[in-house]
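On the provided structure of chain A, position chain B as indicated by the hints.
2 protein chains.
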Amino acid sequence: MARLKFKNLDETRAFATVGSFARVDVTDISADRVMKYESPGAEGLRFNFAAKAVDETILSGLAALASEQAVIEKYRALADGEIMNSGEGRMVLHHLARGRLGRQVMHEGRNVQEFYQEQIDRVKAFARRIHSAEITGSTGKSFTDVVQIGIGGSDLGPRALAIALENWYRAEHGRPHLLPHFISNVDPDDAAAVVARVNPETTLFIVVSKSGTTQETLTNEAFVRRLISESGAKKIDPAKHIVAVTSESSPMAKGGAYLDSFFIDDFIGGRYSSSSAVGAVVLSIAFGPQVFQEFLRGAHAADRNALEPDILKNPALLDALIGVYERNVLGYPTTAVLPYSQALSRFPAHLQQLDMESNGKSVNRDGEAVRYATGPVVFGEPGTNGQHSFYQLLHQGTDIVPLQFIGFRESQLGTDIEFAGSSSQTKLNANLAAQVIAFARGKSDDNPNKSFAGGRPSSVLYAGRLSPSVLGAILAHYENKVMFQGFLWNVNSFDQEGVQLGKELTKTVLEGKTDATLSAYASRLGIG
Amino acid sequence: MARLKFKNLDETRAFATVGSFARVDVTDISADRVMKYESPGAEGLRFNFAAKAVDETILSGLAALASEQAVIEKYRALADGEIMNSGEGRMVLHHLARGRLGRQVMHEGRNVQEFYQEQIDRVKAFARRIHSAEITGSTGKSFTDVVQIGIGGSDLGPRALAIALENWYRAEHGRPHLLPHFISNVDPDDAAAVVARVNPETTLFIVVSKSGTTQETLTNEAFVRRLISESGAKKIDPAKHIVAVTSESSPMAKGGAYLDSFFIDDFIGGRYSSSSAVGAVVLSIAFGPQVFQEFLRGAHAADRNALEPDILKNPALLDALIGVYERNVLGYPTTAVLPYSQALSRFPAHLQQLDMESNGKSVNRDGEAVRYATGPVVFGEPGTNGQHSFYQLLHQGTDIVPLQFIGFRESQLGTDIEFAGSSSQTKLNANLAAQVIAFARGKSDDNPNKSFAGGRPSSVLYAGRLSPSVLGAILAHYENKVMFQGFLWNVNSFDQEGVQLGKELTKTVLEGKTDATLSAYASRLGIG
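Read top to bottom, the protein sequences are chains A and B.
Take 1 as the starting number for the first sequence in the numbering used here and just add one per residue.
Take 1 as the starting number for the second sequence in the numbering used here and just add one per residue.
Calculated from the structure, these hints are not laboratory results.
Some hints here could point you the wrong way.
The list makes no distinction among identical chains, and a pair is therefore deemed to hold if it is satisfied within one copy or across any two copies.
Think about it this way: if two alpha-carbon atoms lie no more than 27 Å apart in a straight line, the pair counts; the simulated DSS-like pairs of lysine-lysine are [claimed, not checked]:
no., residue 1, residue 2
1, Lys74, Lys313
2, Lys254, Lys235
3, Lys450, Lys503
4, Lys513, Lys443
5, Lys443, Lys36
6, Lys74, Lys7
7, Lys443, Lys124
8, Lys450, Lys5
9, Lys141, Lys507
10, Lys450, Lys513
11, Lys313, Lys36
12, Lys503, Lys254
13, Lys36, Lys124
Keep in mind it's a predicted model, so treat the numbers as computed, not measured.
Bound conformation, chain A alone:
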């Protein structure tokens, strides 16, 4: 393997150069530019960046930056099993869960891809036995509902995907095999409310924790076990109603307590784990293994696309470069993700974790402080809802927020209505197109209160219809974008040391070993 060179962003020649180029004003975008500034991705995805503040000069500068930071080489090295999670000394192999991009990766004598495939195959067989009622609840009834218990990456990604797929599945196949639900918060009201909506006799629970020690998840598991045991006249056996997704070495992997166990390893981080058993079990049980397979296929196609060195043919890389340009040259501290699709209602929450947990770092991959801004604050809600909410600030606030629109030519359900001369889907997309122009162009008015400065950049990532494979491609687009940005910023996008301190201090509170200041806070909240 060729030796990779790692440089901080501000040590590259290309970054200094691109910063010296004249800024681009997006208030005057031509139709020609809309046609031309579009990059084709996998599964019919297209990334239109006509309303981003770039031109040929800046694009060539960004291409030079990608080249100088050797981002494609680093991606190839990552896929080949190099230790790219430097802080934790681990490989980064979430791509391998959907298909191989480079060499066979071995770990302790095991072919890692085969291990991932074996788990997916086991999930497939298990899901089929659930669907055929070969496996039933302990009182003999078929399962009707599936509840995933997890937090962070064991929750946000799978939940966003389940919401994204449910309507598509209903349109194509009818009611899901089992209806998916999720419990995450340690707030007991979360678990209690979900459990109240399902019948424990016909509900399968999935407990997801890689370490097998996640406090919130184990607490919710205990909570659910008690509710199952206490519910109804018939005695339900929790061991027949709960499966585990965990690492082979975790305390949860020991037999007896679960109906079955599916395994993950240390090379797929929580926020990248939707493609592993963490997403496979719940999605395969709810929508069938074939749907999950399609999802993986779309993600793998996008992963292959992301190997393309030409930045104009690599939407994930182009999106990453433009994001770094906006963050470090233009100085914008936030970015909004705005899907014009109700199916993606929780996708921004997943991207928030994916992006902010990966690149919200102040040290480079060698642990040295960086002197430039890294990951931005990411937020968003579905359009058109956002238009009637926070878009006011986006249009007329004092700060510029770069925007990432997501859209689809067709709706998922296909149930639509003509009203006032157009369908709902047409109205939805007319809004999306209009917003791009409104943000870019602005509008002057004699009344300054009705004036729009414009010059607010946005991109549109769009496809035909949100199917499982398109969803996989979109997920992989963002995962790869975040990875490329990590390479550009020279940070380790695959650890999360920032979550540790809170955990340690929480432990001191629960063990009553805390100092006076923390005690003072705890006592105000009813502890001690």
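For chain B alone, coordinates are given in the frame of chain A:
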């Protein structure tokens, strides 16, 4: 009425002064400070600001700023019916919907408070007739579900409140009278999915649009009407299943099409309308008029509290002042709202609208450009979920994000479990307390990747239990905070001209009267 003086923030002496004071380092907070830096609010709410970057000197400077900007006088004037929505030439009367704070306000010979009360009384009577099955669906069956169709302020606030109250109601009274649902997005998949979950024969729909012309809402109404008419063997009469909430002058106010209509006026903006019929109908029908009354009572108590001139006894004002200090002196562009309560899972989305739509402005109330930052980007998700997601960036990212925690000593449902020596509620609050300290204090480590700089400010707004009156007080806290910040920044927090341009351009797309660039975008999204 005394003549009010309006000055831009940067024209005040106090702002220059407070900016000159030494900055406060929050890495070393004493227990004494935790006891002392706490401001009591209504309904047992307390606002703890010990971990905010203020001291006696800065607080006195902020008090001087509040005084120089005459924020209490402006609030009194607003409550007395002065035209505080300057751009639109309207009064601002959402406080009056929960109780009178000053003079009787008259409009065109009508006592406005009596009008609001009359609507609430009509809602109360209507809800009781629904609950007693005196009013049924057109096939004679009792209503079991209620679906609100609205967008923006007609959706986010009522939806956040309904989610916040459902578990409390279940714990206190059992199943809600009718189960609440919401449709907002013009994406047809949104309405189709909600309608698929309910039985039209037993469902009451509420269409909410002040103007009676909101495109998304009317489209969804038409969509629902068609689905009702087409559903099932028995013919259902839509006119017996839909009520309207609108202004008296709107096209929707004309008789015939609705089972009943409830009215709102121009003096309560969408994002402030949860206390009006916009929130009253759905919440009274779901949880009973008494619950809504309690909610109003709590909000009114907080409104009265906000009249207090001493900033240390006025949490809404103090929160506002600290926010302006963070935005304009410390220069932080975003702020996160982090409720440690699953019941408040959609409260940050409501606050996002409330705050960003109110104060995301670049001109002052007279339409002149301001030279300072106004409203920040607001985002958030419930803790402990956020801890396993974007907190990484909050702890170790390159930018500082001021934090607003919300907590409760007790859970809503009271269903809890002891696990590993503590209850879920204790774990939840131990996490909250620990996070405040972790953000403020940080931690040095020989490994820079495990170091936390600290110095990240936060406040905690907390109460005993999230009941209807506490919820009202929390909502009013934020509404009043946003109002006070508008006074400090000298912007009009009550209009939203920034939403107009997108609407106009959407119309050009739907009418086929658009220019080449916008057409190019529209055609990519399948239009034309």
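We went through each hint and held it up to the structure:
1. Lys74 / Lys313: within (18 Å within a copy, 57 Å between copies)
2. Lys254 / Lys235: within (24 Å within a copy, 57 Å between copies)
3. Lys450 / Lys503: between (48 Å within a copy, 13 Å between copies)
4. Lys513 / Lys443: between (60 Å within a copy, 17 Å between copies)
5. Lys443 / Lys36: So lysine 443 and lysine 36 pass the 27 Å test inside one copy only (25 Å; across, 50 Å).
6. Lys74 / Lys7: Within one copy only: 12 Å inside a chain, 55 Å across chains, cut-off 27 Å.
7. Lys443 / Lys124: neither (55 Å within a copy, 45 Å between copies)
8. Lys450 / Lys5: between (51 Å within a copy, 24 Å between copies)
9. Lys141 / Lys507: neither (41 Å within a copy, 54 Å between copies)
10. Lys450 / Lys513: between (58 Å within a copy, 22 Å between copies)
11. Lys313 / Lys36: within (12 Å within a copy, 59 Å between copies)
12. Lys503 / Lys254: Within one copy, since 25 Å is at most 27 Å while 59 Å is not.
13. Lys36 / Lys124: neither (43 Å within a copy, 59 Å between copies)
Checked against the numbered hints above, the structure violates hints 7, 9 and 13; every other hint is satisfied.
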